[in-house]
Amino acid sequence: MTQRAISLNLATTRQVWGFEEAVDGCLKAGITAISPWRDQIAAIGLDEAARIVRDNKIQVTGVCRGGMFPAETAAGRQANIDDNLRAIDEAAALNADCLVLVVGGLPGSSKDLVGARQMVSDGIAAMLPHAKASGVKIAIEPLHPMYAADRACVNTIDQALDICETLGETVGVAIDVYHVWWDPRLAQAIARAGRMNRIFAHHICDWLVPTKDMLLDRGMMGDGVIDLPGIRQMIEDAGFFGPQEVEIFSADNWWKRPGDEVLAVIKDRVATVC
Numbered sequence: 001m002t003q004r005a006i007s008l009n010l011a012t013t014r015q016v017w018g019f020e021e022a023v024d025g026c027l028k029a030g031i032t033a034i035s036p037w038r039d040q041i042a043a044i045g046l047d048e049a050a051r052i053v054r055d056n057k058i059q060v061t062g063v064c065r066g067g068m069f070p071a072e073t074a075a076g077r078q079a080n081i082d083d084n085l086r087a088i089d090e091a092a093a094l095n096a097d098c099l100v101l102v103v104g105g106l107p108g109s110s111k112d113l114v115g116a117r118q119m120v121s122d123g124i125a126a127m128l129p130h131a132k133a134s135g136v137k138i139a140i141e142p143l144h145p146m147y148a149a150d151r152a153c154v155n156t157i158d159q160a161l162d163i164c165e166t167l168g169e170t171v172g173v174a175i176d177v178y179h180v181w182w183d184p185r186l187a188q189a190i191a192r193a194g195r196m197n198r199i200f201a202h203h204i205c206d207w208l209v210p211t212k213d214m215l216l217d218r219g220m221m222g223d224g225v226i227d228l229p230g231i232r233q234m235i236e237d238a239g240f241f242g243p244q245e246v247e248i249f250s251a252d253n254w255w256k257r258p259g260d261e262v263l264a265v266i267k268d269r270v271a272t273v274c
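Residue numbers (UniProt numbering): 1 to 274.
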């Protein structure tokens, strides 16, 4: 396999770098793609973020995140849709490859997963005209089932693709290895996504054993149990060759290290274990 480009998801260095510092650090390390979070964009201002991206010819592989559609009331669901319309504007301003969706879990005290998933599909459908008019692709990111109740009721690539099939070609998937590596149908699901031309992003990190915190203890590539080269091969066989986007939430380790050190390790691990 030839070496693919690296994108830095700015969550990986969020405790030490803001938007501008992260771009400067990436350029110094020879990394020319990023994926910022909306709070990081807001902190510097959308116009300034867009200027930095434009002036430095940075590829934005995604904007994190839209989604969080389910709510207990119609007014709440509409407010969530309105926020997603703003997220589309931000992704368009940065010429992002996609807007990544973490779709949301069960609203309130609900136990109705089927109903929550319908709210997700309805919410994406409601934002889709604005996304198409803005030239923004929508990438549903399935999250590990441990997040089904509170963060994402869409938990497999197949579930995401079922939604994509109903909504059209501008809705696809962001494949984050942390969330899907365990799926016994992973190979078939990635192949299906490739046949549909719906792979819009590829996120990498590793699953530590033991994992001390399910949200904030992701591993650096090569430190855990995920078959990163195997999944990469599946994704490339499915026709996606975009940058591998490194997204590591690590409160007790990588977030405490200097950004330049983190990027040096990332470059080494992508070259040797991914």
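Mixed in with the good hints there might be a few duds.
If you anchor each label on the Cβ, the simulated ranges turn out as follows [claimed, not checked]:
id	residue 1	residue 2	range
1	G239	G30	34 to 40 Å
2	A264	T73	21 to 27 Å
3	R51	L167	29 to 35 Å
4	K111	M214	19 to 25 Å
5	A187	L216	40 to 46 Å
6	M196	A149	26 to 32 Å
7	T73	A42	22 to 28 Å
No lab work stands behind these hints, which were simulated from the structure alone. Built from N, CA and C at the ideal position, the CB exists for glycine as well.
Hints and how they fare:
{"no.": "1", "hint": "G239 / G30: 34 to 40 Å", "verdict": "26 Å, violated"}
{"no.": "2", "hint": "A264 / T73: 21 to 27 Å", "verdict": "49 Å, violated"}
{"no.": "3", "hint": "R51 / L167: 29 to 35 Å", "verdict": "33 Å, holds"}
{"no.": "4", "hint": "K111 / M214: 19 to 25 Å", "verdict": "21 Å, holds"}
{"no.": "5", "hint": "A187 / L216: 40 to 46 Å", "verdict": "29 Å, violated"}
{"no.": "6", "hint": "M196 / A149: 26 to 32 Å", "verdict": "28 Å, holds"}
{"no.": "7", "hint": "T73 / A42: 22 to 28 Å", "verdict": "26 Å, holds"}
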